[in-house]
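Participant: Based on these hints, arrange chain B on the given structure of chain A.
Residue numbers (the numbering used here), protein chains in the order written: chain A, 307 to 507; chain B, 63 to 334.
It is worth saying that the hints were derived from the structure and are not from the lab.
From the three backbone atoms N, C-alpha and C, an ideal C-beta is built for every residue, glycine too.
Treat each hint with caution, since some may be false.
[To be verified] Residues from chain A shown here face chain B by an in silico Cβ test under 7 Å; the list is partial:
| hint | residue |
| --- | --- |
| 1 | K430 |
| 2 | M488 |
| 3 | P491 |
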Amino acid sequence: MTTTMILLSLFASVLELDVTYAFQTLISRPIIAGPLFGLCIGDVMAGVQIGIFVELLFIDISPLGGIIPPSGVVATALPIILYSLGIDLYFGFFLGVLAGIVYSLFDTLLRKTRFKWIVFLEAKIGKKPTDLWRIIGLSLLLSFLMTFIFLSAASWLGAQTVFLLLPYLKPKVHFAFQLAYMAVPWIGLATLIPTFRLKTR
Amino acid sequence: MSFWLRFNMFFRSFFLQAGWNFVKYQNLGFAFVMVPFLRKLYQYDPEMLPTVLVRYLETFNTHPVMASFCFGAMAKKEETVAKAHSITEYKEQVAEWNGARRGLSITAASIGDRLFWGTIKPLTLLLALFIWMLLGVNFFETSSLQSISYFTAFSAAIMAFLLYNAIALFVRWEGIKIGYDSDESSCFGLTRFDWNRTIYKAKRLGIFFSVGLILFGVYHYFGRIHVGLDFLARALLVLFFIIISFVTRRLRIPNIYLYLSAVVIFTAVCLF
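The following block holds chain B by itself, in its conformation from the complex:
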């Protein structure tokens, strides 16, 4: 696969979810990403293109970053479909192509959801909070807003943005090549990385930042506070919400409903 073709697919992969719908999910985006490759593959047989595109417009749903492995792998499989010498062989190859597409998209989605949504996104949030705390931003103070510089405001946000995108862009770019160069034996390159180990290490880093955030927060904000009635009332309220959020988490009730309930209950208590 040439550099420009790979780049074209890489660029188009940013629009994978542009046509997201509830029946075939990312099918439109999948076809959109694969069109440059299909055009090149079927350049001497352009009448085949509409028939081939129908297959790409079938249901497709995976993680948008990890989808790059699917693009590379499906391109490789399409080459074998295109080389079929008989109708029977063609049907066999198409069936294999379909199986690979379904299997790979599910596996990639599972890894992507755990890695990007379940680990890297919370980790970068924690990193940003940690940096803001180090720079002296007191986001817990809600009664009056502190004055901060642009550097302080954006440094943490930019760090979170860069860290997430460094990983996501690497996976998007390399995934196409690895998927294309690999075969079924390595699950189209997915087994080349030890995803579980990566997630495990990222979570360990998350624990490190969590402990740091708690210790720094306690030292920074509670060290100078005079323990009076107001402080105790606030501390009790905070403790109450922490305990309640653990309970609602177990009951799988989202945080937003806990917050909305708090508004309603507090207003009712204050009024009556």
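Only chain A is shown next, with the shape it has when bound in the complex:
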């Protein structure tokens, strides 16, 4: 594991908290997080492109009700980490999208588990309301740790897999991934523009 991998995973884990658990200032949205990650590895354009592509691809999934969308932060951070290791953006992006989906499953599991210990702690809150600070802090810490472990493991696993497969991949496979990557902004824009249809009146 490289220092960049660990530092970027730490930074992404802090940003991931902004998605749901704390602040929701949207500093974690891919178009903002992407350039920030890019700045960390010294290539802002890679960050800008990945940020735009992830945001456009995920634009049609909103966190309504109990829906937990794939993580935009994980999907943005992973390709940038892999890119810093010399892996092409089109491979990294594919793994990033997959990781974003898998992460949402882990997040769902965490939220289901959280309820069990919250019920146990609710009795304590009634007696001592100051415990709320501790529970909120613990909840944030758990989410942070889960993102950090997940992202570090996913980056390491992703990098090892790509490096292992790369010598066996034919140029045609590169071309296929490039074509699909090229289509991403068009898929996103075709979804984004119709969202402004004037049907609210």
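Facilitator: Positioned in the frame of chain A, the structure of chain B alone reads:
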């Protein structure tokens, strides 16, 4: 409500979803936000606090920004609960408090989802894309990455961040006061704003940026391109994906699955 109490609730509102869970949703965060107000209200009767907090730990789920209206309104309703003179009156007030909490949280969530997730977030994305295009960033080019300055990279992102937060912070801050100062007749201040008109206007602005983005993109990128076989092949592929994404949108299939399918299909076609 004093400035510092309002500020305390405002600050704590950023952690509304910290304890999000699948059974009672934002209940922990809701109690966390309301604790400073409850402490002040029941300062001469601290034994009441645990009983009162139990009510705040019941199911609560709304939009995190629009929740500020609920905080103000629930604080106001709690004052009437605290002033109850008899057990019967207390039970009546608690029932009213519960009804208001449920109704208001649903209404606020509906407005918040349409306004923030459905309009402002896509609008700020479009604004950022528009600014990046004006600054000459060609994000469509995937074969080689362009070299850009830090100003170019961050200006659009910062604009999107500031615009979203200017609106969100205003609603968070004012919502507490408006919710507290209003009553049921104005749906606890929610009817003070014409949300439909705001969404309508924001969407009109979105159409303006969309048209601008398309025209500028066509002029900027296609004006200098020589129409050859490569260009036609790319244009056809783009058109194919645009049509397919319209179809998948109708079928409610998320974009990510369209992209993942494209990777699998292209790889299969290229290999065999």
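Participant: Tell me, which hint numbers fail for this structure?
Facilitator: Of the numbered hints, just 1 does not hold.
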